[in-house]
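Peer 1: Chains as they are written, first to last, in our numbering: chain B, 1 to 679; chain Z, 1001 to 1679.
A hint or two may mislead.
Claimed, not checked - Dumping the calculated DMTMM-like pairs for lysine to aspartate or glutamate here, alpha-carbon to alpha-carbon at most 20 angstroms: (1) Z/K1418 x B/E127; (2) Z/K1119 x B/D349; (3) Z/K1432 x B/E466; (4) Z/K1119 x Z/E1162; (5) Z/K1418 x Z/D1068; (6) Z/K1361 x B/E356; (7) Z/K1361 x B/E127; (8) Z/K1418 x Z/E1206; (9) B/K432 x Z/D1056; (10) B/K119 x Z/D1349; (11) B/K119 x B/D163; (12) Z/K1432 x B/D56; (13) Z/K1360 x B/D56; (14) B/K432 x B/E466; (15) B/K361 x Z/D1123; (16) B/K361 x Z/E1162; (17) B/K360 x Z/D1123; (18) B/K418 x Z/E1206; (19) B/K119 x B/E162; (20) Z/K1360 x B/D24; (21) Z/K1432 x Z/E1459; (22) Z/K1119 x Z/D1056; (23) B/K432 x B/E531; (24) B/K360 x Z/D1056; (25) B/K360 x B/D485; (26) B/K361 x Z/E1127; (27) B/K432 x B/D390; (28) Z/K1119 x B/D56; (29) B/K432 x Z/E1162; (30) B/K418 x B/E206; (31) Z/K1432 x B/D79; (32) B/K432 x Z/D1079; (33) B/K360 x Z/E1127; (34) B/K119 x Z/E1356; (35) Z/K1360 x B/E127; (36) Z/K1361 x B/D123; (37) Z/K1432 x Z/E1462.
Said to hold, decoys possible - Examples of chain B residues toward chain Z, derived with CB under 10 angstroms: (38) D24; (39) E26; (40) E53.
Quick caveat, the hints were computed from the structure, so don't treat them as lab data. Everything numeric in this text was worked out from a predicted model, so none of it was measured. Note that the Cβ used here is the ideal one computed from N, Cα and C, for glycine as well.
2 protein chains.
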Amino acid sequence: MSVVPPLGGIPEGVRRLGRIPVLDVEPTVRHGELPAKSVVHEQFVIRAKVFREGHDAVNATAVLTDPDGGDHYFPMRIDNPGLSAWSATVVADRPGWWSYRVEAWSDPYATWAHDAGIKIGADIDVELMCAEGVRVLDRFRRAVAGQDADTGALDRAIDALEDTGRSVVERYSLAVSDEIRGLHRVIPLRELVSPSATYPLLVERERALYGAWYEIFPRSEGAYFDAQQGHWVSGTLRTAADRLPAIARMGFDVVYLTPVHPIGTTARKGRNNTLVAGPDDPGSPYAIGSPDGGHDSIHRDLGTFDDFDFFVEQARGNGLEVAMDLALQASPDHPWVTTHPELFTTRADGTIAYAENPPKKYQDIYPLNFDNDPASAYAEVRRVIQVWLDHGVRIFRVDNPHTKPVAFWQWLIADVAKGYPETIWLAEAFTKPAMMRALAEVGFQQSYTYYAWRNTRWELEEYGRELAGDSAAYMRPSFWPTTHDILTPYMQYGGPTGWKVRAAVAAMMSPTYGIYSGYELHEHVARPGAEEQIDNEKYEYKDRQWYLYEPGGPLEGQSLSWYLRRLNDIRRWHPALRWMRNLTFHTADDENVMVFSKSRVIDYTTGERDTVLVVANLDPHATRETTVHLDLEAMGMATWSTFEAHDHMTNQTWQWRADNFVRLGPDNEPVHIIHVRSH
Amino acid sequence: MSVVPPLGGIPEGVRRLGRIPVLDVEPTVRHGELPAKSVVHEQFVIRAKVFREGHDAVNATAVLTDPDGGDHYFPMRIDNPGLSAWSATVVADRPGWWSYRVEAWSDPYATWAHDAGIKIGADIDVELMCAEGVRVLDRFRRAVAGQDADTGALDRAIDALEDTGRSVVERYSLAVSDEIRGLHRVIPLRELVSPSATYPLLVERERALYGAWYEIFPRSEGAYFDAQQGHWVSGTLRTAADRLPAIARMGFDVVYLTPVHPIGTTARKGRNNTLVAGPDDPGSPYAIGSPDGGHDSIHRDLGTFDDFDFFVEQARGNGLEVAMDLALQASPDHPWVTTHPELFTTRADGTIAYAENPPKKYQDIYPLNFDNDPASAYAEVRRVIQVWLDHGVRIFRVDNPHTKPVAFWQWLIADVAKGYPETIWLAEAFTKPAMMRALAEVGFQQSYTYYAWRNTRWELEEYGRELAGDSAAYMRPSFWPTTHDILTPYMQYGGPTGWKVRAAVAAMMSPTYGIYSGYELHEHVARPGAEEQIDNEKYEYKDRQWYLYEPGGPLEGQSLSWYLRRLNDIRRWHPALRWMRNLTFHTADDENVMVFSKSRVIDYTTGERDTVLVVANLDPHATRETTVHLDLEAMGMATWSTFEAHDHMTNQTWQWRADNFVRLGPDNEPVHIIHVRSH
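Let the sequences and hints guide you as you build the complete structure.
Peer 2: Encoded structure:
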């Protein structure tokens, strides 16, 4: 671009627009102040408003810059001329800090082809237009030169345009041949190239977006009540490791352990969150710290670091990653109380402030204070994290991150990523939208969501569209039908059918979902007055006696483990289920029946797609018959297509089209999970 | 704030969040890359999402920084706790480059007052809470010290909190007295203060937002057909100046002149845009340039620069500003063709490219090319602008700015503002939304709008909400019911009633609106096949014989000039009409009846408001009776209020309340313009 005069008289920092405006570039997070997110090989769409003065043709290219500075070019196409809206589907093929920009450019070849087509057709200025064509194609030829492309078609077209002996139609046709247009698509003649700002893009490993989680309290796995001695015997990391093959057989990818650290005794909570613990109550693993140690230690009942290493090794051998719980709070018995008093708040009477929500007091917990001495607090937490990194942990599930400064998380996640960029952090922040969003934006790879409280079709559709839409640039959802803290009325009263529905919708709609141990057994009884389980595992051991449900066992067939396995198998078979952004909702006449699909091109050469279509009756109490109406184009088919619909849940196959009858509910299966096989 | 460790491992430019997050700050334009706009004394609302970890109280302040670097503090209030949404109404009191930020802060006084209120009420930790209160109030006292405020109440409260001999209720009450809360509102104890980014704010003179424009073709004012000689005699700048008192009497603020430059003869257009001009056809003033000169010259028929100066002087004497037309294009006879050939595009055959929209040719116009030599092109246009600045022009109406590079306008407007910051540019860009928005964002103070094509209630409501909403940060609308290029079907067929409606809605809804000369005379006949007037003034003289409509004249009473005057008088009487952001729509049962109000606090001490309520029957063909339903709270009244409704159009006064009967239409006046006088 030629030199233009400097822009004076306005404050520094005010942006100067380029020769051709490029605005509203997406996906961005805080306008590029924070990185947009993707995972390796995940397709996403870059959008921008691109427009120019006058009538000449404009065009645009999306440019991804890889961590080594290499540029990858993706031609954009115009989606809506009236709104000047352009887009390109792009993909980054390895993890790291990428960036991207949109380059708008003047397209003299398209301008000429358009004008010459009209004028030559109308027999106006024919020789002039041919001469103009020679000028444009010559510039085009020079732009292509040295780029390892065949310019023969350009040479021939220029010769033809100059050859007044040939017919005008032939001269023009050669200049707009498929060959030249194809070349122009790949190596265009770009003039007045005007780049947008450059926006950061953080590409992470696939597990950041996709994975099936299974949560256990390790002390419960292998625990038993010793009737002779009259007390419980804790499970250990070794006995918990015995459970790993079963978790792996159900098809999970991640095993998440609630905290494994020593537990305080001061003001320890008893069963069902009672204020006074019995002598044998093990206490909540979230009241961390005892004279035995704190966040860098392992509860003696669970074992040693050798046992922990053994557990991690066994998990790996079973194809499972281990997720640690990070609950940054202390019991009054935590070593930090003496070694790091600056981590706590001292009150006017000299005592350390425990957790409160006035007038309620939580005297078993000291919250951490990050403001007394941030440098010390940050460093101490970082030291603790390193202990677990050194023992092979690369996934942290963070308890209540919204009770610590957002700026701290941004620092911690970035600091760990310097040495361990594969680390994944899951935010358990069931809180206001602004805080949830900010935590995701500053680095948490995954977020627990409002899924547990989204039960009706319109709620799930609205939420799914949000998560698959703009918010996919910063927040990756994790769907949990239940957790050890959450048992909603739907789950309390939905029966096994409701539990199937909620697991299936979670596993199919969200690339990451999680199951809390015991889900198989439909543990649905709530503590009165609470939306959580009675006899909450936080305060006691649970011996679920899994062996009773095994083949030949007395409770065989009374577990949903086969259903979870089926869901996880389907997730493995279908690459379309690994993404969130490719979610599309369809409709059904019955408002209780939700229909959605995920579709993904798996062969860019043939355009072959993988498509899964889910039809779920969300009413767990009644079988419903209705008609579903499908947006076939969203699944890569023409509107009049028929296709083979293979239901993975029943192994039935039907011929489907845009409108289809379904019957779903408790008397059979409540959810179709259909492999769409187009003809 | 204490030192926190540096943030490593992530690319430069990625933003680090502050101790307390401040996000979604508005109003911003392109996230602060370009300035948000306001005019002197115009109120606008700063919004932000402010939230923090845990339960402690958070608070926020909006800070405006004036051009000299002085900070002006505005306390914010929370509008929606669930959405963490805060706001403050602010105002800048002089023009220039301001900036603003939002400061979030920890509010230990509010935290203590909340917790202590609950705990003391429940008789929990009473002495501890009093001691904590002493600590907080002591910090508060130190924060206030030296700020010229009375700390007596703080001293007394601290004494009371320390005095165990007094009742707990008294001790607590003194610490949360109105006096201390009031002091805290003005000079709060702010801790962990966390500023947002700083966003640019351009404050311009009031005319940038507010003004009534009147457009004339100066050659028509005083033109007459000389029957003896058989040809037209052109009006001049001197005869046009004779029209200024009448324009001023109608109450207009700006007189806008179509181009005054020499007109080309090559391919000159004849009457009604015919391709061949007759020997006496004056040509379009938009085909600029002849051997007499170009954009820096005055058409010899209009007079000299002395005459121009006279016109500007006379306008000023009549309270009118002069707006010049800037149409950056040339006739083939323009001096630039020889002096600045780099301003044009040379084709393959060596000729200069004229305007085209293939297959249509506009051979009377050479478009400018800003890419051959941008430095030269920019400088030459800037030189031309200086000529008119030197002759007192400070408003430019720019013809088709969307046919020139947006980057050029950004430069030109900024460069002129260096020496002449009071200059106002109006963009005549009837084009796609992205381009209109970009032109406004890079500096045009005002924009023609889609108003002419928004005729139904829902169209006007939607557009009005857009213009008064987020887009008010960058685009200031100008509403024109007609222009010399635009005569919509509504105006062709609406009759005088329709012309009243369209003028009234324009003048009341938009702070800036414009009337094209002849509107008074209901010149509504279109050229067949075109949405513009027959015998378009662009191609011929118009002698409107204004004297015939004067009192005692034969056409007295057949002009709408009284209506325009009334509208402009109302605009002067009511400061509420000077703003756009204060627009509120109400409703009516009849979908043809539109109801809106503008309200503005005019005395911050008493809260006194100026409020105008407009009820318009948009159907020009039928009188309609209906009930209007008012949002009284939006006008500063309680929902059950009654008020005195004085109709400025009929001088009638009624007692109104939330629901009122109206009857409007061609048999009387189609629009109520009501002065709301609350009791």
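Peer 1: With reference to the structure, classify each hint as holding or not holding.
Peer 2: Results of checking the hints against the structure:
1. For the hint linking Z/K1418 to B/E127, the alpha-carbon distance of about 48 angstroms lies beyond 20 angstroms, and the restraint is violated.
2. Taken as a hint, the Z/K1119 and B/D349 pair is honoured in the structure, with Cα atoms around 16 angstroms apart against an allowance of 20 angstroms.
3. Note on Z/K1432 and B/E466: the hinted pairing is violated, with a Cα-Cα distance of about 28 angstroms set against a maximum of 20 angstroms.
4. With a C-alpha separation of about 17 angstroms, the suggested pairing of Z/K1119 with Z/E1162 holds against the 20 angstroms cut-off.
5. Annotation: proposed proximity of Z/K1418 to Z/D1068 holds, straight-line Cα distance about 16 angstroms (limit 20 angstroms).
6. Among the hinted pairs, Z/K1361 with B/E356 is inconsistent with the structure: their alpha-carbon atoms are about 79 angstroms apart, more than 20 angstroms.
7. A hinted pair counts as satisfied when its Cα atoms are at most 20 angstroms apart, and Z/K1361 with B/E127 qualifies at roughly 17 angstroms.
8. Between the alpha carbons of Z/K1418 and Z/E1206 the distance comes to roughly 18 angstroms, so the proposed pair stays at or under 20 angstroms and holds.
9. Distance check on the hinted pair: B/K432 and Z/D1056 sit about 15 angstroms apart at the alpha-carbon level, within 20 angstroms; holds.
10. A hinted pair counts as satisfied when its Cα atoms are at most 20 angstroms apart, and B/K119 with Z/D1349 qualifies at roughly 16 angstroms.
11. With a C-alpha separation of about 18 angstroms, the suggested pair B/K119 and B/D163 falls inside the 20 angstroms cut-off, and the hint holds.
12. For the suggested pair Z/K1432 and B/D56, the alpha carbons sit about 15 angstroms apart, so the restraint of at most 20 angstroms is met.
13. Taking the CA atoms of Z/K1360 and B/D56, the gap is about 15 angstroms. The hint holds against a cut of 20 angstroms.
14. Restraint check: the Cα-Cα separation between B/K432 and B/E466 comes to about 15 angstroms, which is no more than 20 angstroms; the hinted pair holds.
15. Taking the CA atoms of B/K361 and Z/D1123, the gap is about 14 angstroms. The hint holds against a cut of 20 angstroms.
16. For the given pair, B/K361 sits about 25 angstroms from Z/E1162 by alpha-carbon distance, which is inconsistent with the 20 angstroms threshold.
17. In summary, the hint linking B/K360 to Z/D1123 is supported, as the alpha carbons are separated by about 13 angstroms, within the 20 angstroms threshold.
18. For the given pair, B/K418 sits about 53 angstroms from Z/E1206 by alpha-carbon distance, which is inconsistent with the 20 angstroms threshold.
19. The straight-line distance between the Cα atoms of B/K119 and B/E162 is roughly 17 angstroms, inside the 20 angstroms bound, and the hint therefore holds.
20. Pair hint Z/K1360 plus B/D24 does not hold up; C-alpha atoms about 34 angstroms apart against a cutoff of 20 angstroms.
21. A hinted pair counts as satisfied when its Cα atoms are at most 20 angstroms apart, and Z/K1432 with Z/E1459 qualifies at roughly 17 angstroms.
22. With a C-alpha separation of about 15 angstroms, the suggested pairing of Z/K1119 with Z/D1056 holds against the 20 angstroms cut-off.
23. Among the hinted pairs, B/K432 with B/E531 is consistent with the structure: their alpha-carbon atoms are about 19 angstroms apart, no more than 20 angstroms.
24. The suggested pairing of B/K360 with Z/D1056 holds, with an alpha-carbon distance near 15 angstroms, which does not exceed 20 angstroms.
25. Of the supplied pair hints, the one linking B/K360 and B/D485 holds, its CA atoms being roughly 19 angstroms apart against a limit of 20 angstroms.
26. Proximity of B/K361 to Z/E1127 is assessed by CA-CA distance (about 17 angstroms); at most 20 angstroms being required, the pair is judged to hold.
27. The straight-line distance between the Cα atoms of B/K432 and B/D390 is roughly 34 angstroms, outside the 20 angstroms bound, and the hint therefore fails.
28. For a cut-off of 20 angstroms, the pair hint linking Z/K1119 to B/D56 is broken: about 72 angstroms separates their Cα positions.
29. Under the criterion of a C-alpha separation no larger than 20 angstroms, the hint pairing B/K432 with Z/E1162 is inconsistent with the structure, at around 38 angstroms.
30. A C-alpha spacing of about 18 angstroms is found between B/K418 and B/E206, which places the hinted pair at or below 20 angstroms, so the restraint holds.
31. Annotation: proposed proximity of Z/K1432 to B/D79 holds, straight-line Cα distance about 15 angstroms (limit 20 angstroms).
32. Of the supplied pair hints, the one linking B/K432 and Z/D1079 holds, its CA atoms being roughly 15 angstroms apart against a limit of 20 angstroms.
33. Between the alpha carbons of B/K360 and Z/E1127 the distance comes to roughly 18 angstroms, so the proposed pair stays at or under 20 angstroms and holds.
34. Taken as a hint, the B/K119 and Z/E1356 pair is honoured in the structure, with Cα atoms around 11 angstroms apart against an allowance of 20 angstroms.
35. Of the pairs offered as hints, the one joining Z/K1360 and B/E127 holds, with about 18 angstroms between alpha carbons and a cut-off of 20 angstroms not exceeded.
36. Restraint check: the Cα-Cα separation between Z/K1361 and B/D123 comes to about 14 angstroms, which is no more than 20 angstroms; the hinted pair holds.
37. Restraint check: the Cα-Cα separation between Z/K1432 and Z/E1462 comes to about 17 angstroms, which is no more than 20 angstroms; the hinted pair holds.
38. With 10 angstroms as the threshold, the beta carbon of B/D24 comes within range of chain Z, its nearest partner Cβ sitting at about 8 angstroms, so the hint holds.
39. Because the smallest distance between the Cβ of B/E26 and any Cβ of chain Z comes to about 12 angstroms, over 10 angstroms, the interface hint for this residue is violated.
40. Proximity of B/E53 to chain Z holds as hinted, the smallest CB-CB distance being about 5 angstroms (cut-off 10 angstroms).
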